[in-house]
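With chain A's structure known, arrange chain B on it following the hints.
Here the protein sequences come in this chain order: A and B. Its first residue numbered 53, the first sequence is counted upward by one per residue in this note's numbering. Its first residue numbered 53, the second sequence is counted upward by one per residue in this note's numbering.
There may be inaccurate statements among the hints.
Said to hold, decoys possible - Listed next, with one range per pair, are the computed distances between beta-carbon atoms:
#1 R356/A to E81/B: 35 to 45 Å
#2 P136/B to R356/A: 54 to 64 Å
#3 D323/A to V127/B: 20 to 30 Å
#4 Y371/B to R194/A: 31 to 41 Å
#5 E108/B to Y371/A: 52 to 62 Å
#6 E54/A to K348/B: 56 to 66 Å
#7 R194/A to G421/B: 21 to 31 Å
#8 A400/A to E108/B: 50 to 60 Å
What the hints assert, rightly or not - Covered stretches of chain A (in silico footprint by chain B; criterion: 3 or more residues with CB under 8 Å from a CB of chain B, positions within the stretch not fixed):
#9 150 to 160
#10 172 to 183
#11 198 to 208
To be clear, the hints were calculated from the coordinates, so they are not data collected in a lab. Note that the coordinates shown come from a computational prediction; the quantities given were computed from them, not determined experimentally. Beta carbons are placed, not taken as given, at the ideal position from N, Cα and C, and that holds for glycine.
2 protein chains.
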Amino acid sequence: MELTELPPSLGIAGDAKAAMRILSEIWGERGVFTCTVGSTLTSAIPGISDAGGTPELTLLTGPADAELLTLGHTVCIDGVPVNPPEGIPTPGLLTISALTLSGMQHHIVNAGCKVAPSIPFYDVGGEVGQSIVTGRAVPKARELFERGKVLGRLFAQDCKYLIVSESIAGGTTTALATMMAIGTLRENLVSSSSPRNPRELKTNTVLEGLKNAGLEIGSCKDDPLKAVECVGDPMIAVNAGMVIGASEKVPVILGGGTQMSAVIAVAAAIDPTVVDRIIHGTTRWLVRDPNSDIEKIDSNISPRLPLVYINMDYSKSPYKGLQAYEQGFIKEGVGCGGASVAAVISSAGRITCDDILEEEHGLYRRILGL
Amino acid sequence: MELTELPPSLGIAGDAKAAMRILSEIWGERGVFTCTVGSTLTSAIPGISDAGGTPELTLLTGPADAELLTLGHTVCIDGVPVNPPEGIPTPGLLTISALTLSGMQHHIVNAGCKVAPSIPFYDVGGEVGQSIVTGRAVPKARELFERGKVLGRLFAQDCKYLIVSESIAGGTTTALATMMAIGTLRENLVSSSSPRNPRELKTNTVLEGLKNAGLEIGSCKDDPLKAVECVGDPMIAVNAGMVIGASEKVPVILGGGTQMSAVIAVAAAIDPTVVDRIIHGTTRWLVRDPNSDIEKIDSNISPRLPLVYINMDYSKSPYKGLQAYEQGFIKEGVGCGGASVAAVISSAGRITCDDILEEEHGLYRRILGL
Numbered sequence: 053m054e055l056t057e058l059p060p061s062l063g064i065a066g067d068a069k070a071a072m073r074i075l076s077e078i079w080g081e082r083g084v085f086t087c088t089v090g091s092t093l094t095s096a097i098p099g100i101s102d103a104g105g106t107p108e109l110t111l112l113t114g115p116a117d118a119e120l121l122t123l124g125h126t127v128c129i130d131g132v133p134v135n136p137p138e139g140i141p142t143p144g145l146l147t148i149s150a151l152t153l154s155g156m157q158h159h160i161v162n163a164g165c166k167v168a169p170s171i172p173f174y175d176v177g178g179e180v181g182q183s184i185v186t187g188r189a190v191p192k193a194r195e196l197f198e199r200g201k202v203l204g205r206l207f208a209q210d211c212k213y214l215i216v217s218e219s220i221a222g223g224t225t226t227a228l229a230t231m232m233a234i235g236t237l238r239e240n241l242v243s244s245s246s247p248r249n250p251r252e253l254k255t256n257t258v259l260e261g262l263k264n265a266g267l268e269i270g271s272c273k274d275d276p277l278k279a280v281e282c283v284g285d286p287m288i289a290v291n292a293g294m295v296i297g298a299s300e301k302v303p304v305i306l307g308g309g310t311q312m313s314a315v316i317a318v319a320a321a322i323d324p325t326v327v328d329r330i331i332h333g334t335t336r337w338l339v340r341d342p343n344s345d346i347e348k349i350d351s352n353i354s355p356r357l358p359l360v361y362i363n364m365d366y367s368k369s370p371y372k373g374l375q376a377y378e379q380g381f382i383k384e385g386v387g388c389g390g391a392s393v394a395a396v397i398s399s400a401g402r403i404t405c406d407d408i409l410e411e412e413h414g415l416y417r418r419i420l421g422l
Numbered sequence: 053m054e055l056t057e058l059p060p061s062l063g064i065a066g067d068a069k070a071a072m073r074i075l076s077e078i079w080g081e082r083g084v085f086t087c088t089v090g091s092t093l094t095s096a097i098p099g100i101s102d103a104g105g106t107p108e109l110t111l112l113t114g115p116a117d118a119e120l121l122t123l124g125h126t127v128c129i130d131g132v133p134v135n136p137p138e139g140i141p142t143p144g145l146l147t148i149s150a151l152t153l154s155g156m157q158h159h160i161v162n163a164g165c166k167v168a169p170s171i172p173f174y175d176v177g178g179e180v181g182q183s184i185v186t187g188r189a190v191p192k193a194r195e196l197f198e199r200g201k202v203l204g205r206l207f208a209q210d211c212k213y214l215i216v217s218e219s220i221a222g223g224t225t226t227a228l229a230t231m232m233a234i235g236t237l238r239e240n241l242v243s244s245s246s247p248r249n250p251r252e253l254k255t256n257t258v259l260e261g262l263k264n265a266g267l268e269i270g271s272c273k274d275d276p277l278k279a280v281e282c283v284g285d286p287m288i289a290v291n292a293g294m295v296i297g298a299s300e301k302v303p304v305i306l307g308g309g310t311q312m313s314a315v316i317a318v319a320a321a322i323d324p325t326v327v328d329r330i331i332h333g334t335t336r337w338l339v340r341d342p343n344s345d346i347e348k349i350d351s352n353i354s355p356r357l358p359l360v361y362i363n364m365d366y367s368k369s370p371y372k373g374l375q376a377y378e379q380g381f382i383k384e385g386v387g388c389g390g391a392s393v394a395a396v397i398s399s400a401g402r403i404t405c406d407d408i409l410e411e412e413h414g415l416y417r418r419i420l421g422l
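Next up, chain A with everything else stripped away, as it sits in the complex (with noise of 0.2 Å):
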């Protein structure tokens, strides 16, 4: 069907038109969620990643949030994966929500975790980051953007649509050095799951890792997949080959904030036509946040990409633990943007926000047991 507004759930920045005809394409139908979890050692360097209890803890939070999304419950850690000290849990909570008013399908890809999550989950042959300063961050980079491009066939063979996304703690540093070595970014634009956005220590440890790597601002202009070998991370790997496969045969959601820009910078440096079918998807916190400019990101990487967020507003839930994302926490994260996105497009539009805060206030009493 042809599209002419969208729902007040959505908004839309970037290439609107664009946007307009794949949600046309796609307005209705189910496509299949998938989640790619990884963990790299950058997140582990102190002060660069909220996304877990502790330092080390980061390591375990793209598992967690795969056990989570599958059973409902994490194996891995005890409870779920939070961020300190006010103990915000996982954007995880908001795509369960929408998973299960869509009913779409998910499945987990791992990309490389520090432990590997006890449910089944797809096996790429990854292995976990080493921190970019090394410049050696990710040796298989080649390797698993090639078993990514076959999962993303796979999944198109038979799927209206597919998205794509991510859990992988210290996700947004690796993402900037993978964009400034390829020359999408020359200054620090990612976002950050904590309002105080460390920006200096994120911009230092890149620099660290590029001259390191022997690299320069746009050094992998021609040879994106050198970027993420060096500087990257398993998860960007991955994606970038599963956006790339299943984009040949059916429109791809990229869920995400700011890693996802990487994904599809990389994946745009391979193959340029790629921007023209796909949306990347997120939330309304991130597309607003102040201390970080997706937008800007995504018109760099092309003009013609389309971006749709969901008007998700927190302010009125009871829970302080939603509250904090309309004070810049978290904001975006296993694919929650996207899953909600693909929600509203799956149900032309009848699941509405409202909707998906109720799932997930419920969600939030079982889970967190209140």
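Just chain B, lined up with the frame of chain A:
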């Protein structure tokens, strides 16, 4: 739609009324195809299995079939898996043909392989099965069953029906052992990929395994997973879980010969109602095999169990490797029967055996370089 008669491409054995009821429910719908691959050291006992060039190579048949299904070529061995000395190629070629024509999504599940397939696959934490002679064939059987159950539920979240199948050499021997331990069978009625079914060797191997496990016929009636643990294989554990998990929500087709009877026997011993939501899908060759009796085995499990088979006939094929099926070679494997039955279902009968054979001839020439 209410289906009143079957197209000539399909045949029914077992409970015809149950078959028509389930077929009516899914007629004209595409399902999701899965193939669970693995290795058991049982297949390396000389003479037990012909599914591979040598006893050692039989350990690679599962992963090689997985690569073939996903990539169209193998990585872990040279060429496609064959049965010696005639070099008859894997039934995976029939599976691929049926999947191509129907456009079904396919996924590989690794239940425990000697060599991990060089493709993206579902990991369920499996390990290579030990020889059943040890009486401790699958120490992780209960864990694999649980992971399989979760995986079945994942696929069932959003699909019309699930096809569960296998490629594991030596699997009819482990199937026989499992079914004797449960008490489904008191005599050797399982099939073989050879027309010279080595029944005595298989029976003796099974009896030795049962003895070393301290089991008698029927000992595991109330604890079927103990049968798998002692004398089964990892595929049986995973697939029994998948059937139970998926059939909570959608119909399941068990694609394969007497190996899948063992899967059904385990699942039905755990949850007897499962037989009302499944179809055993196989080939005409298997049903007509004079050296085994799948109908008797299935009716021992439950008289309510429907068996639907594809009427493929290779007698007029120009290729000796396919003609051999008419002399009793191969007959089943890699879900070729289930995938073909599902192709007919998905097209509401428009895809015929002739269409599948034509597709297979093209594939045969391409893959075997004829």
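Hints breached by this structure: Nothing - there is no hint that the structure violates, so all of them hold.
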